[in-house]
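Colleague: As a plain string of letters, each chain reads:
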Amino acid sequence: MRVISKIFIGIAVMGLLTLASVIPASTAFAASNSLGVNPRRDYTIKPGEKVSDTLSVSNLSKTDDLVISIEVFDFGPKDESGSPAIMLERKEPTPWSLKPFLTISNELTVPAGKTVTVPFTISIPANQGAGSYYGVVKYSTAGESSRDNVTLTSSSATLVFIRVPGEAESNLTLKQFGAFTPTKSGESGNFGYFYLGKSPKYLAYRLTNNGNVAEIPTGSVELKNMFGRQVKIFDKANPNNNTVLIDQTRRFDLCINSQLVSRKNADTGQEVEEQRCNEAGLAPGRYSAHISLLYGDTSGTQHEIRGNATFWYLPIWFIALIVVGLVAVAAIIWWVIRKLRQRRGGHTHRS
Amino acid sequence: MPLTFKSLQLTTSSVSATEVFYTFGFNTNTAGPLGSVTIDLCTNYQFEPTDPCTPATGLDASATTIASQSGITDFSLDPSSTANRLVLTRPAAAVTPPTAVSVEFTDIINPSAIGSYYANITTYATLDASGPATDSGILVFGINEDIEIQTEVPPWLLFCAGITITALDCSSASGNFIDFGELRTNTTRTATSQYLTATNAEFGYSVTLSGTTMTAGINVIPAALSASSQTGVSQFGINLRANANPSVGSDPSGSGAASPTGAYNVPNQFRFGNGEVISSASTGDNPRKMTVSYIANISASQPAGHYVATMSYICLANF
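Note that the protein sequences, when read in sequence, are chains A and B.
Under this note's numbering, residue 351 is the last one in the first sequence; the count climbs by one each step, no gaps.
Under this note's numbering, residue 670 is the last one in the second sequence; the count climbs by one each step, no gaps.
What the hints contain is simulated information worked out from the structure, not anything from laboratory work.
Please note that a few of the clues may not be correct.
[Unchecked claim] Here are the simulated SDA-like cross-link-like pairs (lysine to any residue), alpha carbons at most 20 Å apart as the crow flies:
1) A:Lys114 / B:Ser523
2) A:Lys184 / B:Val617
3) A:Lys62 / B:Ile514
4) A:Lys264 / B:Thr634
5) A:Lys62 / A:Lys114
6) A:Lys232 / B:Asp402
Assemble the whole structure, with the sequences as input and the hints as a guide.
Modeller: This is the structure we're talking about:
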């Protein structure tokens with residue numbers, strides 16, 4: 001009997017260990033998870049002034065109402081790109097937080113297929129220092145609890161940037177500049193000095209923002225060959241007017257030989273244009289690059305950054321060619337010397 | 352020597368605005384005589400003072416006069432000034448750096464195209480801006496439709512999520528829950544959901560994954576960290592590609608160019624990282640639908656319970 005009990009208990013335990021879930025009851029859920037929002041707003045507000053405006057939220061569902069909660073969060077950079085990272089867990093405001101200044105309602109229902117506007121106010125205290133302040137207004141669709149394993153919710157947000165004019169601290173530092181090879185994902189990569197295989201496709205630079213202003217640098221980059229001839233000029237070193245957030249180090253990539261190409265989209269059959277970065281087509285040799293960037297208040301005080309970089313492009317075939325050339329020259333010299341010696345030897349012999 | 356401080360203020364930055372006042376400010380950086388100053392207004396950045404200046408279309412400073420000046424107050428406008436080149440001259444006299452100079456010009460017509468323009472300020476010891484330059488520096492200024500209180504950068508970001516989305520139509524998004532059924536040690540449980548994004552925001556967008564891995568009370572199915580699916584090993588993860596092992600998911604579709612990022616873009620590899628960006632587009636993008644593949648495995652020692660997770664997909668414009 002005890003043996004049978006042990007077997008039974010063992011089977012039961014095994015069953016429990018193997019069956020780690022229960023079969024859930026299916027739940028009908030009729031709420032929209034589809035929304036359209038304003039992606040970004042920018043304001044310049046003087047100390048002591050306030051701005052009242054509205055944000056639009058659309059319900060893309062034609063049948064279900066959109067029930068959303070609205071919250072304001074701080075955000076920073078995700079990495080060295082332009083992806084924002086919402087600070088969902090952070091309680092204390094960042095130095096650039098918009099939260100103390102922005103007032104907005106915290107919930108909203110948008111009927112199916114409709115767009116509603118959400119009023120908000122940004123008030124800047126009279127004693128507020130100059131600089132940039134930013135945050136996200138996050139719209140979260142309402143989730144319901146379920147017995148199912150995974151519950152999905154979707155959220156979207158509006159980035160809100162304000163600039164308080166005055167004597168702010170603008171401080172960008174050029175951390176790195178030069179030839180660059182990104183990884184396949186483009187998220188990172190390496191600055192290089194010697195290129196023995198393929199030539200670099202990109203020039204890149206990294207800027208660190210140590211000030212209290214979200215900066216949009218502008219300027220030019222010039223690439224020259226070893227004879228001083230200009231190979232490439234980038235009139236817009238920041239062609240998309242991207243922002244370097246406070247405390248961020250941001251990388252900017254410049255394709256040396258970019259091309260606008262058309263391709264047929266496999267899903268829609270439509271022709272789609274996209275930028276492709278081709279091989280740079282550089283001749284072997286030494287290259288120098290020069291960068292000049294301007295930042296600060298484009299209608300006030302501005303600062304300039306300059307930098308230089310060099311790199312060598314010496315492909316294997318070129319090195320092999322040089323070696324073959326040197327060997328050929330050495331062989332010719334050896335042959336000439338041998339002939340001369342033979343001729344002298346012949347003269348000596350004849351004499 | 353570079354000018355240590357430079358500034359430029361326009362009374363309006365609107366395209367083709369007339370009777371605009373331009374106020375240039377700079378600090379001299381070299382001791383010695385200062386007889387003239389040139390200000391070139393160009394569309395291109397001049398790396399060297401000798402680099403050619405491409406004039407901005409529509410810009411016209413030929414009717415300008417000096418409205419006010421400070422720091423050095425004996426400048427006059429030289430007749431050699433042109434529509435895009437201002438030449439200031441004065442009786443050559445020594446200046447002690449840094450001398451803060453400000454000169455306000457009247458009646459300039461702004462460029463006729465929106466964009467960034469450069470002002471190259473160069474000082475000379477001579478009266479006619481000849482000979483070697485003493486100090487120089489470049490400023491950038493923007494010409495816009497309107498730079499008043501607010502600017503709305505492109506207005507729309509569309510985002511929807513559901514278990515299924517038909518074609519590229521957000522109004523068809525349906526379903527919010529995934530049921531894996533019973534988790535077993537010898538079978539990988541799979542499921543999919545979809546989300547669709549489109550925007551005309553110039554910097555594109557990022558979709559961030561926010562949530563927790565599957566939990567039942569204090570018991571947790573560990574998040575996969577860029578790993579293949581292994582039966583008998585407790586793991587929960589996602590990716591955004593068509594997978595063969597296990598057979599689940601689809602590659603991105605739609606006319607947009609957004610793509611999954613990093614580890615979420617590798618078929619047959621799964622990951623779950625709270626707060627990680629899982630797909631992005633670097634510019635404005637047409638509709639792009641992502642299919643999220645979920646896998647769940649358990650080991651024999653995984654405690655029994657009802658395991659749940661809440662998955663929030665957050666779509667944000669890039670900056």
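Colleague: Decide, hint by hint, whether the structure agrees.
Modeller: To see whether the hints hold, each was checked on the structure:
no. : hint                : verdict
1   : A:Lys114 / B:Ser523 : 15 Å, holds
2   : A:Lys184 / B:Val617 : 12 Å, holds
3   : A:Lys62 / B:Ile514  : 17 Å, holds
4   : A:Lys264 / B:Thr634 : 19 Å, holds
5   : A:Lys62 / A:Lys114  : 8 Å, holds
6   : A:Lys232 / B:Asp402 : 15 Å, holds
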